[in-house]
Amino acid sequence: MTPLVQGAELHAQEFVVRRSDLVAYAAASGDHNPIHQDEAVAVAVGLPGVVAHGMYTMALAARAVAEWTGDAEVLDLSCTFTHPVVVPEDGGATIRVGGVVKSVADDRVTLVLEVTCEGRKVLGAPKAVVRA
Amino acid sequence: MPIDASLVGREFPPTRPFVVTEEDVAAFAAATGTRSARVPATFPIVVTFRALLDFLEAEQVDLSRIVHGDQKFSYERPVRVGDELTATLTVTGLRQIDGADILRTTSAITDAEGGLVCRTGATLVHRGNA
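Chains as they are written, first to last, in numbering that gives the first Met the number 0: chain A, 0 to 131; chain B, 0 to 129.
In case anyone wonders, no lab produced these hints; they're calculated from the structure. Among these hints, one or two may not hold up.
Below are the DMTMM-like pairs computed for lysine to aspartate or glutamate, each with C-alpha atoms no more than 20 Å apart in a straight line [stated by the list, open to error]: (1) K126(A) with D105(A); (2) K71(B) with E8(A); (3) K120(A) with D37(A); (4) K126(A) with E75(B); (5) K120(A) with D69(B); (6) K71(B) with E72(A).
Could you build all of it, start to finish, from the sequences and the hints given here?
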């Protein structure tokens, strides 16, 4: 585990998301929006294809935070959803989560993340604050 | 159909209590490959999503026309298995851009004793019928 000191760069993690993961996530989260499972519906509402739940990508960011911090307590977690993650039927999509320790103050560690898919940022200003 | 602007400021009724079970947490963690002794940090979306569905049903908005714009969780304490959680959703803002409704919401997630567990904020983009 990388020590959580200001400026520390956190080892980037890659996760593959497949349509079967979106089906499992829909069941677990209750979000059965068909744009995450049904190509025809996704295209009908103007999306390029089946897209991952934004919350799926955010959960992967939280997963990376848990691994970097040794499962620290999360105090704040936020992001914007800037670009949809299109998940092809074959092979899925690869999400890469990188991060830097922005600050350490008292018992709070602020991590600034970078979450990309095929080199493109899919989350805007993803940030986590954990208890040190 | 645009969303009714008079919704701004309105607090919707609390969701039915949701009891967090080991199975719920395990299914949520497994779907995202998370191996953690804690309840995943984004898990409260399970509760706020129920509040959202109630809201969409009340306003007769089709879920497939909703895209998530942003999301924030601010914790007072971690969620634990056995918690009985309720979400109370408030519409805090609404504006129209290019035929889409940009809806700002906040939800307070409270436990069985009424104690605040987490505040969430979400922007939802409603793309109207083309």
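Review point. Is the straight-line distance between the alpha-carbon of K71(B) and that of E72(A) 20 Å or less?
Key: Holds - the C-alpha atoms of E72(A) and K71(B) are around 16 Å apart, at most 20 Å.
Check your understanding: Keeping to a limit of 20 Å between CA atoms, is the pair of K126(A) and E75(B) held or broken?
Key -> holds (17 Å)
Practice item. Take the C-alpha atoms of K126(A) and D105(A), compute the straight-line distance between them, and say whether it is at most 20 Å. Key: Holds. K126(A) to D105(A) sits at ~18 Å (cutoff 20 Å).
Point to revise | Given hint D37(A) paired with K120(A) - CA-CA distance at most 20 Å | key: violated (24 Å)
Practice item. Measure nothing beyond the straight line between the CA atoms of K120(A) and D69(B); if it is 20 Å or shorter, mark the hint as holding. Key: holds (14 Å)
Review point. Is the hinted pair K71(B) and E8(A) satisfied, with a Cα-Cα distance of at most 20 Å?
Key: violated (23 Å)
The structure fails to meet hints 2 and 3 from the earlier list, while all remaining hints are met.
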